[in-house]
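In order, the protein sequences belong to chains A and B.
For the first sequence, the numbering used here begins at 1 and goes up steadily by one.
For the second sequence, the numbering used here begins at 1 and goes up steadily by one.
FYI, nobody ran anything at the bench for these hints, they're computed from the structure.
Note that beta-carbon positions come from the ideal geometry of N, C-alpha and C, so glycine has one too.
Just so you know, not all the hints are guaranteed correct.
In silico EDC-like links for lysine to aspartate or glutamate, alpha-carbon gap of 16 Å or less [what the hints assert, rightly or not]: (1) A:Lys91 / B:Glu30; (2) B:Lys53 / B:Asp75; (3) B:Lys53 / A:Glu42; (4) A:Lys94 / B:Asp54.
If you want the ones that stay clear, here's a sample from chain A, every Cβ over 10 Å from chain B, calculated [claimed, not checked]: (5) Gln3; (6) Thr4; (7) Thr6; (8) Gln7; (9) Leu61; (10) Ser62; (11) Ala70; (12) Ser96; (13) Gln102; (14) Pro103.
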Amino acid sequence: MEQTTTQQVNVYRKMLAASVCSILMESGFDTADKESLGTLTEMIQCFLTEVGALSKSYCELSGRSEPVVADVILAFVEMGHNFNDLMVYTKGMKHSVLPPLQPQQ
Amino acid sequence: MAEASDKMIVDDNEPATFGQPLSNFLLQLEDYTPTIPDAVTAHFLRTSGCEAKDPRLIRLISIAAQKFISDIANDALQHCKMRSSNSSNSHGGSKGSKGSKDKRYCLTMEDLTPALAEFGITIKKPHYYV
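If we strip away everything but chain A, and leave its shape as in the complex, we get:
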């Protein structure tokens, strides 16, 4: 059981690393060393986990059990990020999408 959970976590980490690689390629980098890729992967994982934890806190503060967009926005504010120009970011350039997982034989 422990083994299976660890393997699953590794798969998610790998997908996250692939996403980071994709973002780096979009930014104009051709290669990245292992150390910096690991740092960015760790950072994006921390970001997601932190947003999740803060959203949950805000949601439970309002007496709900399922987060709504207001909780996520408050989480962003709490983290000190200004994501007002997120729409510009998505519209500005075409972002690549990771290929869907192939079923293993």
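Since the structure of chain A is already known, use the hints to place chain B on it.
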């Protein structure tokens, strides 16, 4: 009382608050696929106890994370370009200008550290004992 109602009117005319653009943006996320797969974001949200049912919410968080990394990467790329142009200038001559045409950029900790420092993030190598 009249003063209070005046204040209310003034508040209504104020520009949109921080959350306003984001909640409008959320409505448009129905048919957008971010680089980070939904399942991956949902998994990491679940590890911190946040069970978001709305797929648009997960996408919003994915895009925010994507932009976070993208901003850092852009900053690191500027550092990388500046450093490489400086080093090619110091070596001087036609060789540097020729090489700059098909230059390949590699992300290293040397560029990432100052880029992250601008975001207020300090990274240090862990102690290494032989």
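Minimum C-beta separation from A:Thr6 to chain B exceeding 10 Å: can you confirm that? 13 Å, holds
Pair hint outcome, B:Lys53 versus A:Glu42 [Cα-Cα no greater than 16 Å]: 25 Å, violated
Beyond 10 Å from chain B, beta-carbon-wise, is A:Ala70? Violated, since 6 Å does not exceed 10 Å.
Hint consistency between A:Lys91 and B:Glu30 [alpha-carbon to alpha-carbon, up to 16 Å]: Since the Cα atoms of A:Lys91 and B:Glu30 sit roughly 14 Å apart, the hinted pair holds (cutoff 16 Å).
Separation of A:Ser96 from chain B, once the least beta-carbon distance is taken, above 10 Å: Incorrect as stated: the minimum Cβ-Cβ distance to chain B is 6 Å, not above 10 Å.
Does the no-contact call for A:Leu61 survive, Cβ to all of chain B over 10 Å? 13 Å, holds
Tell me if the straight-line CA distance from A:Lys94 to B:Asp54 falls inside 16 Å. Distance of about 24 Å is beyond 16 Å: violated.
If you draw a straight line from the CA of B:Lys53 to the CA of B:Asp75, is it 16 Å or shorter? At roughly 34 Å apart (the allowed maximum being 16 Å), B:Asp75 and B:Lys53 break the hint.
Any Cβ of chain B at or closer than 10 Å to A:Gln102, or is the non-interface label fine? Consistent with the label, A:Gln102 stays out of reach of chain B, its closest Cβ about 14 Å off (over 10 Å).
Closest CB-CB distance from A:Pro103 to chain B, is it above 10 Å? 15 Å, holds
Beyond 10 Å from every Cβ of chain B: is that where the Cβ of A:Gln3 lies? 18 Å, holds
Going by Cβ atoms, does A:Gln7 stay more than 10 Å from chain B at every point? Fine: 13 Å to the nearest Cβ keeps A:Gln7 off the interface.
Hints 2, 3, 4, 11, 12 from the list above are not met by this structure, while the remaining hints are.
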